[in-house]
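**Student:** Same order as they appear, the protein sequences are chains A and B.
Taking my numbering, the leading residue of the first sequence gets 1, the next gets one more, and so forth.
Taking my numbering, the leading residue of the second sequence gets 1, the next gets one more, and so forth.
One or more hints might be untrue.
Said to hold, decoys possible - Some but not every residue of chain B turned toward chain A, in silico, with C-beta under 8 Å:
id, residue
1, F50
2, A55
3, D58
4, G61
5, A64
6, L71
7, P89
8, T93
9, Y96
10, R98
11, L171
12, F172
13, G173
14, D175
Claimed, not checked - What follows is a list of derived Cβ distance ranges for each label pair:
id, chain 1, residue 1, chain 2, residue 2, range
15, A, D236, B, A130, 49 to 55 Å
16, A, A194, B, G267, 29 to 35 Å
17, B, E266, A, R141, 45 to 51 Å
18, A, A230, B, N22, 49 to 55 Å
19, A, A194, B, E155, 27 to 33 Å
20, A, K205, B, D175, 56 to 62 Å
21, A, R141, B, D175, 38 to 44 Å
22, B, N22, A, L103, 49 to 55 Å
23, A, R62, B, P156, 18 to 24 Å
24, B, E286, A, D64, 32 to 38 Å
25, A, G90, B, R150, 39 to 45 Å
Please keep in mind that the hints were generated in silico from the structure rather than gathered at the bench.
C-beta atoms are modelled at their ideal positions from N, C-alpha and C, and glycine is treated no differently.
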Amino acid sequence: MSDEGTNTYMSEAEIKALANGARRDIIRMVAAAGSGHPGGSLSAAEILATLYGTEMRVDPARPDDPERDRFVLSKGHAAPALYAVLAARGFFPRAELTELRRLGSRLQGHPDMRKTPGVDASTGSLGQGLAIAGGLALAARVAGRSYRVYTLLGDGEVAEGMVWEAAMAAAHYRLDNLVAIIDLNGLQIDGPTAVVMNPEPLEAKWAAFGWRVFSVDGHDPASLQAAFAAARQTRDQPSVLLARTVKGKGVSFMENRAEWHGKAPNAEQTARALAELEGGAA
Amino acid sequence: MTEYIATRDAYGQELLALGAENPRIVALDADLSGSTKTSLFARAYPERFFNMGIAEQDMMGFAAGLAAGGLIPFASTFAVFAAGRALEPIRNTIAYPRLNVKIAASHAGLSVGEDGASHQALEDVAWLRAVPHMTVLVPADAVETRLAVRAAATEPGPFYLRLGRPATPVLFGPDYRFAVGRMNVLREGRDLTIVANGLMLAPALRAAEILAAEGLTAAVLNGSSVKPFDAETLLHWAARTGAVVTAEEHSIVGGLGSAAAEILAEGCPVPLARVGIRDSFGESGEPEALLAKYGLTAEGVAAAARSAAARKLK
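Work out the full structure: start from the sequences and follow the hints.
**Tutor:** Structure representation (structure tokens):
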């Protein structure tokens with residue numbers, strides 16, 4: 001793979017379309033499964049669409065290419081969003097999405113790197129993805145490879161102490177090929193993060209740990225792309241994007257509602273959600 | 001004259017040798033490299049050694065990522081922190097995806113000595129044995145340790161190597177053969193079978209001598225491969241001798257004794273006596289004195305053997 005890679009360099013409009021298509025698939029697959037996590041999947045749609053649409057060097061035909069960029073979904077419960085984007089990029093057939101969570105499916109409830117093409121790490125137990133991503137980034141240095149590593153964390157997830165162990169280590173080892181994105185949707189299972197366990201001030205915390213911090217609009221591909229580009233130019237320190245998002249984004253009755261963290265819509269709600277999303281960015 | 005070498009020293013030496021042979025081998029430690037002996041590798045290959053500080057969970061996560069990136073990480077710290085503090089990251093992040101991470105945990109068991117109960121891992125084999133995909137090895141001496149480390153570096157998948165702090169007798173010669181999942185028969189006997197691992201193998205062999213002087217002949221098996229466990233060899237010797245004794249520097253809950261009990265109960269129910277820590281924590285003291293207090297001695301194994309043999313159906 002050349003330095004230019006095989007990413008598609010999608011336009012902003014194409015990324016928005018990829019994100020909106022992913023949202024529709026998230027609703028369909030969670031509804032078909034009868035369980036899953038729509039809220040935090042919908043909040044991450046533009047982040048994943050920007051990563052897989054333009055930022056990362058990946059080739060769906062060669063998901064095991066040792067030179068590919070890596071992505072670790074530390075907030076593993078957002079698996080529907082990852083699966084939707086991977087399917088849209090051609091890592092596996094889109095028709096398979098409705099097999100989510102079924103017995104025998106390649107699409108496990110949380111990501112399984114041994115089952116799903118394009119999934120780079122098995123996750124689901126929160127707080128561990130940053131360390132895995134750090135190890136992958138360090139491996140690139142040892143093996144003389146030029147790939148970059150991206151990981152997406154939730155804002156409730158950063159209460160895990162292991163996140164900060166890994167944050168310290170990534171800065172200590174100057175992993176400038178590592179980018180963390182925090183999906184700052186402000187809600188976790190039991191309610192607002194500010195009430196359950198306030199993670200703020202996140203900007204000051206990450207900066208104090210030695211990271212370059214970017215505050216971005218997590219639903220704006222241009223904002224995300226600008227930060228990714230600046231991170232790429234950053235030397236000797238890892239970067240973190242604090243991505244402001246809306247939990248349940250795109251579905252009016254799910255937006256900013258903690259109860260949609262981990263439940264499936266019924267048939268009527270599914271129809272309403274899809275109708276709203278059909279009207280979204282095409 | 002018997003030579004004494006700590007299994008952690010043998011680990012450090014073999015890791016150093018492997019570092020020269022395979023550039024994909026990397027080492028991690030959690031601020032105990034001088035004690036776990038990864039310091040030898042660190043000095044020789046500083047660009048492939050990563051001290052993660054006092055952060056065992058993070059060390060396992062980084063090890064998982066390094067393995068996912070195609071390298072062969074050896075991650076070391078004291079057993080109680082490696083297997084205990086980091087158990088869930090090991091389960092979910094290393095074992096579940098069957099990543100090629102080698103956990104070499106030193107200072108296992110009572111023989112840590114003076115540091116006391118907080119540092120004496122007596123449950124680590126039980127914890128790791130319950131995790132799918134994990135290979136659990138408890139080598140008996142320096143020779144077997146070097147072979148086990150080499151096997152871990154060569155064979156794919158997650159390994160847990162249990163190593164000790166004190167210098168212990170070298171039992172095996174240069175022609176000793178080790179294979180994951182195989183129990184070596186060190187001594188044949190007719191009246192009972194002793195299965196031991198780690199630093200309890202030497203007292204087990206001495207116990208066989210004590211018993212022989214009393215007219216009881218004991219077979220002695222090396223139970224270094226706790227998982228996978230060589231059920232076939234154990235069942236063969238259990239049937240042949242009619243009684244089994246296990247000996248380990250570990251709790252009798254969940255370790256070698258439990259592994260043997262499970263196999264025997266299903267396949268050859270003979271009288272069994274388990275020598276080990278009887279569901280308690282350790283304490284401070286000199287290693288030899290501690291082992292003596294908790295019955296982890298040749299005489300302790302011999303006593304258990306007499307009891308098991310006496311319970312045999314006449």
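**Student:** Could you say whether the range 39 to 45 Å given as a hint is met by the Cβ separation of A:G90 and B:R150?
**Tutor:** Given about 42 Å between the Cβ atoms, the range holds.
**Student:** Within 49 to 55 Å: is that where the Cβ-Cβ distance between A:D236 and B:A130 falls?
**Tutor:** Since A:D236 and B:A130 have Cβ atoms about 42 Å apart, the given range 49 to 55 Å is violated.
**Student:** Could you see if the CB distance from B:N22 to A:L103 stays within 49 to 55 Å?
**Tutor:** 40 Å Cβ-Cβ, so the 49 to 55 Å window is violated.
**Student:** Does 45 to 51 Å hold as the CB distance between B:E266 and A:R141, or does it fail?
**Tutor:** holds, 49 Å
**Student:** Taking the closest Cβ pair, is B:G61 under 8 Å from chain A?
**Tutor:** With a minimum Cβ separation of about 2 Å from chain A (threshold 8 Å), the hint on B:G61 holds.
**Student:** Classify the hint on B:F50 as holds or violated, based on whether any CB of chain A lies nearer than 8 Å to its CB.
**Tutor:** Since the shortest Cβ distance to chain A is 7 Å, the answer is holds.
**Student:** Any CB of chain A closer than 8 Å to the CB of B:R98?
**Tutor:** This hint holds: B:R98 lies near chain A, its Cβ roughly 7 Å from the closest one there, short of 8 Å.
**Student:** So the hint says 49 to 55 Å: do the beta-carbon atoms of A:A230 and B:N22 match that?
**Tutor:** violated, 38 Å
**Student:** The hint names B:D175 as touching chain A; please verify it with the least Cβ-Cβ distance against 8 Å.
**Tutor:** violated, 36 Å
**Student:** Under 8 Å is the threshold here; is the Cβ of B:Y96 close enough to any Cβ of chain A for the hint to stand?
**Tutor:** holds, 5 Å
**Student:** At a threshold of 8 Å, is the proposed contact between B:T93 and chain A supported by beta-carbon distances?
**Tutor:** Hint holds; B:T93 Cβ to chain A Cβ min 5 Å, cut 8 Å.
**Student:** With a cut-off of 8 Å on the beta carbons, see whether B:D58 makes it to chain A.
**Tutor:** The hint holds - B:D58 has a Cβ within 8 Å of chain A, the shortest such distance being about 4 Å.
Violated hints, listed in ascending order, are 11, 12, 13, 14, 15, 16, 18, 19, 22 and 24; each of the other numbered hints is respected by the structure.
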